[in-house]
Amino acid sequence: MTLARWNSTAIVLACLAAIVGVVVRGDIGIAFDVAALLLLGTLPMLRVVVLAVSWARAGDRRYAFAASAVLAVMMIGTVFVSVWR
Amino acid sequence: MSDLARDGLIIVLALMTSTVGSIGGLGGAILLVPLLTLGDMTIAQAAPLGLVSVIAGSVAAGRAQVRDGAVNHRFAVVTELGASSGAIGGVLLAGAISERALTWVLAALAVVAAAGGAIRKGVRWKPDASLGADSVGEQFGTLAGVYRLNDQPVPYRPSRMPLGVALMAVAGVVTGVAGVGGGFLKTPLSSEVMRLPAKVAAATSTFTIGLTASTALLLMALDGRVVASDAALVVLGSVAGGTIGSKLQRYLSPPVVRRVTSLLLVVIALVMVLRA
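Those protein sequences? They're chains A and B, same order as listed.
Residue numbering for the first sequence follows the numbering used here, starting at 552 and increasing by one per position.
Residue numbering for the second sequence follows the numbering used here, starting at -2 and increasing by one per position.
It is possible that part of the hints are untrue.
Label-pair ranges, simulated between beta-carbon atoms [unchecked claim]:
id, chain 1, residue 1, chain 2, residue 2, range
1, A, 581, B, 271, 33 to 39 Å
2, A, 607, B, 115, 39 to 45 Å
3, B, 192, A, 556, 49 to 55 Å
4, B, 136, A, 601, 17 to 23 Å
5, A, 570, B, 115, 18 to 24 Å
6, B, 127, A, 630, 48 to 54 Å
7, A, 589, B, 130, 34 to 40 Å
8, A, 589, B, 192, 17 to 23 Å
Treat the hints as calculated values from the structure; they're not laboratory data.
C-beta atoms are modelled at their ideal positions from N, C-alpha and C, and glycine is treated no differently.
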């Protein structure tokens, strides 16, 4: 339930930022557009971080490890691909 | 077209594609990107917006899907290990395969996946009256879980995981090469190979494609390919679309979800063939 509430708060904030970005043009508008993108773009990964921590706390080590491994693969992959390009 | 009409059209297209995408767990980028290119956008400009649409639709749908216990996060991270590793390999392979050949392969895979979902009849997992409403969700330490179907708890247990994760890695390669979220492969693999209920497969896939898309968007942002003002419009449309789609999904029976998914897959295959 906490995860759902957390998700909802981030979505509302992202939508508010996107609305301000659409209504207000210029540098301020773009700053809000970027804020909306950052909020939404990091949310799926933050969800995995929250899952890894909550599973580790609950003693579900196998899946805490799997969640951490997904994050590690994604981070290593991002660095690897950006260097490769 | 005036700026206001263009902005409105982007919001409406994002809303429509995210709604249908989140019902079947397919994302919506595969529909949105070709539609945006019908206007004044190139594929290179539309692709990042497609990813924004996938992420926004994914997190918006996730709100209701997490509350309903429809997402199996343990299943998601296990299969995503294979898919992410494959996707990185796919990104590195991109360019080695011609776009035309790739499009035909993707279209063929979409048709095979559509046939797999359409052929099967009935509901695989049956409600268990002995389970209480509080049992809905994932089970500690296993990939099994319970989901809600017409207000009745239905237990399920995925199977054939090694084969499924291996196929997810192949799906990851395909999506990495093609630069798409991959929901149209992940959802049928989860439901038909690993035997997850259709609703759980769609909800779990909606979560994992958001994860894959956020990594891909980061790479595109590093390349300077993301137009923030257009992306904000897609955020507004896709958050609304993802919310509507996840609410509709709650009221649809598993065979209907499967048929909607199959129909969308055929549409996707047609769009790909027409683009090729």
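Any hints this thing doesn't respect? Which numbers, in order? 3, 5, 8
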